[in-house]
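Throw the hints in and build the complete structure from the sequences for me.
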Amino acid sequence: MELIADLAVQGVQMALVLLLAPLLTGLVRKVKARLTRRQGPSLIQPYRDLLRLLKKEAVLAHNASWLFRVTPYLVFAATWVAAALVPTFATGLHFSWSADLIAITALLASARFFLALAGMDVGTSFGGIGSSREVMIASLAEPAMIMITFTIALIAGSSQLSTIAAFMLSPEAGLSVSLGLALIALVIVAIAENARIPVDNPATHLELTMVHEAMVLEYSSRHLAMIEFAASLKLLLYLSLIACIFVPWGLAGHGAGLGAYAFGIVTYLAKLAIGGVLIAVFETSIAKMRVFRVPEFLGGAFMLGLLASLLLFVVQSQ
Amino acid sequence: MSAFDPVTVILLVPLVTAAILALISDYHWGARLNVAATFVAFVSACFLFAARPEPGDYIVIDDLNIVFIVLSTFVGFTTSIFSASYIAHEVEAGKLTPTHLRFYHAMYQVLMFAMNLALIANNIGLMWVAIEIATLTTVMMVGIYRTHEALEAAWKYFILGSVGIGLALFGTILVYMAARPVVGEGSDGMVWTVLAGQAQHFDPALLNLAFVFLLLGYGTKVGLAPLHAWLPDAHAEGPTPISAVLSGLLLNVALYALLRFKILLAANPAAIAPGPLMVALGLLSLTFAAYMLYRRRDIKRLFAYSSIEHMGIIVFAFGMGGPLANFAGLLHMTMHSLTKSAIFFSVGHVSQVKGTQKISDIGGLTVTHPWLGWGLVVGVVAIAGLPPLGIFTSEFLLVTSTFARQPLLAIPLVAGILVALGALFLRLGNVAFGEPRGPVAPAKASYVPMFLHLALVLTAGIYLPAPMVAWFQSVAKLLG
Amino acid sequence: MLIEFALIPVAGLLAVSLAAILAGGRPSISAPVYGASAILCALVAITGLAAMLGGGVSTTVLPVGLPWLGAHFRLDALAGFFLVVVGLGGAVASLYAIGYGRHEREPWRVLPFYSAFLGAMSLVVLADDAFSFLVSWEVMSLLSWALVLAHHRENENRRAGYVYLMMAGFGTMALLLAFGLLSGGSGGYAFDAMRETARTPAIAAAILALVLIGAGSKAGLVPLHVWLPLAHPAAPSHVSALMSGVMTKVAIYGFIRIVFDLVGLPSWWAAMVVLVLGGATAALGVLYALMQHDLKRLLAYHTVENIGIIFIGLGLALAFQSNHQTAGAALAFTAALFHVFNHSLFKSLLFFGSGAVLTATGERDMEHLGGLIHRMPATSIAFLIGCVAISALPPLNGFVSEWLTFQAILISPELPQWGLKLSIPTVGALLALSAALAAACFVKAYGITFLGRPRSKAAERAAEVDRFALSAMFILAGLCVLAGIFPGFVIDALAPAVASLVGGQMPTQTAVPWLSIVPIAESRSSYNGLLVFIFIAASATIAALAIHRLASRAFRRSDPWDCGFPSADPATQYTAGSFAQPIRRVFGTLVFAAREKVEMPPPGDTGPARLHVTLRDLIWDWLYQPVAIGVTVAATRLNALQFLTIRRYLALVFATLVLLLMVLALWS
Amino acid sequence: MTPTMPQTIAMTGGFVFDVAHLLAGGLVLVSLMMLYQRRLYALLNVFALHALVLTFSVAWQAYIQDAPHLYITAAIALVFKAIVIPLALHRMIVQLGIHREIETAGGVGLTMLLGMGLVALSTVIMLKVTSEADPLAREDLAFALSVVLLGLLVMVTRRNAVSQVVGFMSLENGLVLAATGAKGMPFVVEISVAFSILIAFIVIGIFLFRIRERFDTVDVQALDRFRGEMS
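Protein chains in written order, with the working numbering: chain E, 9 to 326; chain H, 287 to 766; chain B, 3 to 670; chain C, 25 to 255.
If you are wondering where the hints come from, they were derived from the structure by calculation, not from laboratory data. Accuracy of the hints is not assured; some may be wrong.
Have a look at the derived ranges for each label pair, beta carbon to beta carbon [claimed, not checked]: (1) C/R62 / H/K763: 54 to 64 Å; (2) E/R298 / B/G57: 52 to 62 Å; (3) E/A268 / B/G58: 21 to 31 Å; (4) B/I536 / E/A264: 26 to 36 Å; (5) H/I748 / B/D194: 14 to 24 Å; (6) B/I536 / E/L27: 17 to 27 Å; (7) B/L484 / H/L738: 44 to 54 Å; (8) H/Q692 / B/P65: 23 to 33 Å; (9) B/R161 / H/L738: 51 to 61 Å; (10) H/K763 / B/D194: 19 to 29 Å.
Model, not experiment: these values are computed from the prediction. Each residue gets a CB set at the ideal place from its N, CA and C atoms; glycine is no exception.
And the structure:
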């Protein structure tokens with residue numbers, strides 16, 4: 009019985025992230041539009057886009073291989089699984105122990121690995137540009153993420169997100185410099201990972217500045233839908249992650265009652281909304297940087313992460 | 287015993303054969319007789335295992351020299367087989383005439399005689415004489431081609447050898463002087479067995495002085511740097527069988543003489559320890575020769591320097607002393623003799639086929655002459671001290687035991703070995719591999735001696751028979 | 003008892019080599035030699051597995067080797083594990099070579115050495131005295147040197163062979179010295195005697211340094227790695243696979259055996275040295291790999307990275323062990339061994355794949371490849387699995403071992419020493435960096451080689467390879483997947499070996515529900531490869547099915563869009579060089595002293611614009627070049643001594659004499 | 025137990041010692057003179073003197089040791105070294121046209137200083153020999169060692185093959201001095217004969233190999249040009 013309840017909660021979580029992801033994207037777009045004094049598309053426009061894309065006939069390049077066609081589903085699946093493993097409204101979900109924060113990072117890396125390959129599959133110059141820049145960014149963002157994970161895991165004594173969230177809720181968790189550094193680093197990583205301004209612009213198709221978009225240039229219809237969906241999921245994932253680690257209030261514990269779960273969902277929605285607005289504000293107030301400034305930006309995150317964990321190593325001896 | 291005296295056979299057969307060979311004008315028969323005589327000497331040397339004569343005034347057979355005698359007669363025998371196929375080619379190529387060969391064969395036997403005598407002699411004066419005969423014989427053999435280079439090499443060998451002779455004699459006289467107050471005047475003062483028994487009573491200062499002169503005198507023959515100058519040229523310019531004998535045997539004989547005197551010195555507690563001197567010269571030779579290997583353009587000179595290097599290692603080992611290092615030294619010496627002569631067998635045929643000794647003109651041997659090429663590869667692998675060949679065993683023992691006792695000495699030793707390894711393989715890479723260079727005519731070679739030696743070296747690298755080990759160990763103990 | 007079962011197939015391998023020599027390496031014996039090697043290696047692996055799971059120790063002494071000692075052999079859990087690595091790698095490589103070997107132009111330069119090489123590697127693992135160990139070790143090097151020279155006509159390969167042999171010789175000398183210290187100069191060459199000897203910390207440190215040089219040079223530890231990317235690609239591909247996948251592991255074995263087993267308890271700073279070297283090796287190795295466009299050389303450089311990861315694990319194990327934290331040591335050591343196993347699988351697989359590409363196209367240069375996914379579908383799948391595994395991506399095996407290493411790092415703040423506190427997180431950062439770069443590296447390798455459009459005629463005409471090669475690749479790919487989704491079984495199998503060396507082991511994993519793996523405790527961290535695999539597979543399948551069923555499954559082919567840019571010529575594709583350019587810009591100036599020079603023709607000139615990129619190997623420039631120059635200078639200077647007059651030679655004799663006399667005069 | 029007996033012996037010993045000492049010391053002196061010579065002719069003449077002094081010394085040893093076979097050695101020294109060889113070399117240098125030349129490496133003054141140093145070194149080394157050893161032998165050895173070293177020095181400081189031969193012969197004279205000084209040493213005669221043969225070989229070698237024709241000059245420096253390895 010308990011197992012069924014657990015599985016149900018897990019199922020809710022999986023469905024929830026799937027449902028909320030396009031909404032979050034829509035929210036960011038809407039707020040950005042309003043901030044630039046435009047009307048902007050409706051909040052549910054991303055859902056419409058996805059549905060429309062799904063119904064279209066796919067156009068494949070002549071030499072696109074099976075890998076090209078499989079990748080969107082793999083990317084979607086990996087991102088979805090990763091997103092479902094991050095506590096959103098409740099901790100201690102039934103399958104949450106099947107991957108810790110490192111594994112979640114690595115799952116996202118898997119998705120990116122395939123996407124980068126797909127970018128090179130057709131054999132166009134833009135695909136190559138996108139893939140090579142994407143892996144360059146990832147090669148700095150991922151280690152930064154790992155360093156953040158180190159920091160957090162050292163503070164919480166665990167790399168398991170549920171445990172981390174529980175620890176952050178407990179009185180033991182105080183403010184610490186390391187935590188602050190980790191937060192800044194995590195934000196930077198999240199920006200880079202989600203191809204947001206100033207690292208990349210998801211709305212641009214300007215050739216020389218494209219990264220992520222160049223990589224998926226050849227995709228159309230349902231394949232593109234999967235990739236867009238995965239991108240939304242990823243944005244959601246990072247917001248959930250930040251929320252879960254740094255503002256874990258409202259998270260329901262394992263086996264809490266329905267009321268707690270409902271409260272968790274409400275607070276979660278609130279956190280997402282705040283996060284989405286913040287992203288939009290940030291993106292409108294900053295210009296995109298040159299591609300080769302990105303390494304410095306991300307290198308900063310990496311260094312912050314390293315500094316944070318070094319500080320902890322040193323502090324923990326006392 | 288009385289009917290068959292191996293010692294007499296070992297000494298007389300070469301002498302008599304030398305006389306006969308000087309008379310035989312057909313070089314085919316000369317070569318055959320040469321092989322037969324060395325074979326007889328080898329077989330009789332083996333009989334020494336069964337029964338050893340009592341030491342006399344002039345003759346002694348003990349654990350120490352039996353190693354050398356058997357090795358010497360064996361390599362003498364195999365080299366004579368190689369020589370038979372080698373000189374046939376030289377005659378065909380018009381480099382030597384049958385008259386030269388008569389001289390050559392006779393001298394070969396005289397050399398064998400002299401070396402055997404030096405090894406068997408119980409009298410340090412007789413030993414000196416024998417080594418000098420051996421030197422003079424090889425001087426003549428080195429100059430046999432009568433080319434500018436050969437004559438020059440012979441001349442250099444002769445002059446430096448003569449000075450060495452002089453120094454060694456002075457040392458011998460000094461030993462006698464040191465012994466005289468103890469053992470009395472007359473020939474007893476030169477009999478090794480007598481000297482060895484009473485060395486602890488000798489005047490240490492005289493012994494020291496004697497050892498310095500003997501070390502330099504016989505060290506010249508061993509080819510220790512900086513006394514080595516004759517060695518590379520003599521190896522390079524003489525007929526290859528003589529290079530093989532020089533590297534494989536004559537150096538050992540001189541080394542043997544050194545060891546005898548080292549035992550004397552070691553027996554006297556007040557005398558200077560001979561070890562450090564030998565260690566220093568050994569290391570110097572090793573290091574020097576290792577660097578010299580790099581710039582060699584002549585393949586025989588290359589391996590001549592390698593002989594200097596190995597003599598350095600051996601002298602180092604004996605200088606270190608102790609059961610392990612001495613064992614390593616003996617093993618190394620045996621293995622070096624076998625390996626180096628095998629290499630010269632290969633190199634001899636190679637240079638005949640290619641018509642040159644220049645390394646840059648020889649290439650891709652494993653393609654054109656697989657037997658010679660791979661033989662050379664195995665030989666170089668062995669001489670560079672890589673397993674599973676015998677020299678590795680001795681280097682293993684030497685390096686490990688040295689490092690535990692004197693870490694600072696082991697480091698230059700290891701460095702020298704490595705530098706030499708680098709040079710040898712640098713050359714081997716292009717000689718044995720790569721695109722073939724030079725004539726590709728098939729070689730008319732006798733592969734038996736080469737592969738016999740290599741097989742022995744390989745076997746020794748994996749398995750050493752217990753009797754041989756026991757025997758080496760007893761010699762190692764003797765050497766202190 | 004078990005040891006005899008191990009030695010018999012090893013003897014068989016040596017006998018096969020002998021037979022190949024006697025047969026003169028005729029091409030017709032190629033298949034029998036490889037077939038026999040495969041079977042014998044499988045036997046070796048099975049024996050190893052039995053020893054590894056059994057955990058017992060069996061020894062024997064053969065009357066060869068050092069006469070007064072004999073050749074000691076011993077099969078314990080650790081040796082068993084490495085026998086599995088050697089045997090499995092050897093068996094699969096032999097299987098691969100049954101097909102691949104047919105393309106060998108000069109089989110007589112491969113066959114006589116091949117089986118003996120496998121035998122020698124097994125013997126290193128089994129040896130239980132210094133002499134047998136070193137003989138097997140060096141014979142292993144020597145035979146692989148001969149195999150590197152199989153294609154000796156290319157100058158580059160001869161140079162590779164030379165550098166390789168020099169480094170091997172150097173390493174062996176270091177090990178010789180290490181054994182000299184271990185044996186204590188009195189001939190205690192048996193490992194048993196060494197285990198029982200007590201040593202001062204200084205001597206133990208010296209031994210550790212020497213072993214790091216000796217085993218590290220063989221394994222490819224920076225800065226001793228320079229030979230590896232030259233030699234590994236030069237050999238035939240199945241041998242490259244063995245050298246990279248297996249021989250480097252034998253070197254790791256040597257390190258483990260001496261440092262963990264023979265020397266005794268290490269000091270913490272020794273661990274720090276190992277850690278830092280491991281971290282540097284991992285990061286530099288992968289950066290080097292990224293810059294290559296020769297497929298096999300890329301793989302070889304990447305081996306360097308993986309060796310670094312293994313050494314990080316070993317360094318962590320040493321750190322924990324020196325502080326008597328058994329649980330941590332067991333975790334780190336397990337991670338290292340797991341990575342040893344994993345790397346032997348995927349590196350062999352990738353070399354097989356590159357061999358298949360080489361057979362099919364005759365090209366190793368990625369700039370001439372492309373689009374092979376269409377022409378070599380099976381190979382491309384196997385290669386892809388290898389790429390994913392080596393990039394440490396879940397749910398495959400490479401991720402598990404790196405994850406375990408990360409977990410070990412996460413519990414390291416408990417270590418009291420400051421040096422470790424500062425170095426471990428830094429090394430962790432390097433590890434993370436190298437993991438991310440590895441993914442980039444294999445996107446490049448796979449993307450340029452197998453994806454896109456063919457960049458040469460040869461790549462256009464490529465055809466799938468034979469079924470032996472394919473089956474070998476798929477066996478390894480299958481194992482990669484299995485080890486990735488059932489890591490608990492591997493960890494438990496490693497437990498006896500770990501326990502025998504660090505005195506503790508990880509919690510039993512197969513008892514954890516749902517086949518998760520738990521390094522310390524479930525609340526700290528856990529990972530479930532099986533579930534992740536199932537989740538991804540299920541969600542991807544469900545998504546695809548749902549879309550195909552409910553939305554649309556129609557598609558049509560057309561020209562690529564490419565922003566409307568008509569790129570008819572495959573030359574307009576991204577190249578390997580251009581792919582690596584962003585990363586080169588980031589790290590290049592620092593690590594490779596990279597310089598880019600653009601030659602742009604003036605307007606109106608129709609000549610091509612050119613981009614010249616120069617990369618320098620700074621380690622080569624600063625470490626090896628000076629040595630080479632030093633030797634050359636010394637040789638040149640000393641060479642003057644060859645051309646002196648007789649008088650001067652006499653002067654040398656005279657000077658020596660006077661010198662020695664003066665020594666006598668001063669000696670009292 | 026008369027006090028005179030030991031005294032007489034001592035005086036006799038002293039006399040014997042003094043003469044031997046004088047002759048051996050003379051040999052060293054002549055060796056030093058050889059270092060001083062700049063002309064080949066003069067060098068040969070001094071060498072003849074060297075051999076002559078050796079002859080006396082050996083003869084004296086034969087007398088005091090009551091060892092008649094040493095007279096043979098003395099005779100060889102006289103006939104062969106003091107007469108035959110110098111004459112032969114005279115002829116040779118005239119034939120080769122180098123009789124007016126002299127080529128020393130390094131200044132004579134420096135060479136002389138070195139020579140003195142060598143004599144001092146020999147003495148120091150021999151002082152270490154315990155006085156239990158025969159004092160005559162000890163002094164003899166010191167001089168013999170000096171002669172050997174000076175002979176080598178001559179070989180090293182001359183560029184010319186003939187003068188090198190002379191140096192070698194003076195070295196060998198030192199050996200004979202040592203050998204004869206070693207009381208009761210066997211093979212002394214044989215050794216001196218062997219050495220004479222060796223020297224003959226060297227001298228003949230210069231003729232036989234026609235070094236002048238082949239190498240333009242007897243100067244050994246030129247011998248080294250024909251090497252496959254000049255680089």
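Structure-based check of each hint:
Look at C/R62 against H/K763: about 57 Å separates their beta carbons, and that is inside 54 to 64 Å. In this structure the hint that E/R298 and B/G57 lie 52 to 62 Å apart at CB holds, the actual value being about 59 Å. Taking 21 to 31 Å as the suggested C-beta distance range, the pair E/A268 and B/G58 does not conform, at roughly 54 Å. Between B/I536 and E/A264, the C-beta spacing of about 27 Å keeps the proposed range 26 to 36 Å intact.
Our hint of 14 to 24 Å for H/I748 and B/D194 holds, since their Cβ atoms are close to 22 Å apart. The hinted range of 17 to 27 Å is satisfied by B/I536 and E/L27, whose Cβ atoms lie roughly 23 Å apart. Range check, B/L484 to H/L738: Cβ separation about 53 Å, and the 44 to 54 Å hint holds. Take H/Q692 and B/P65: their Cβ atoms lie about 32 Å apart, and the range 23 to 33 Å holds.
The hinted window of 51 to 61 Å between B/R161 and H/L738 is violated, with their beta carbons roughly 34 Å apart. Taken as a hint, the range 19 to 29 Å holds for the pair H/K763 and B/D194, whose Cβ atoms sit roughly 26 Å apart.
Hints 3 and 9, counting from the list given before, are not met by this structure.
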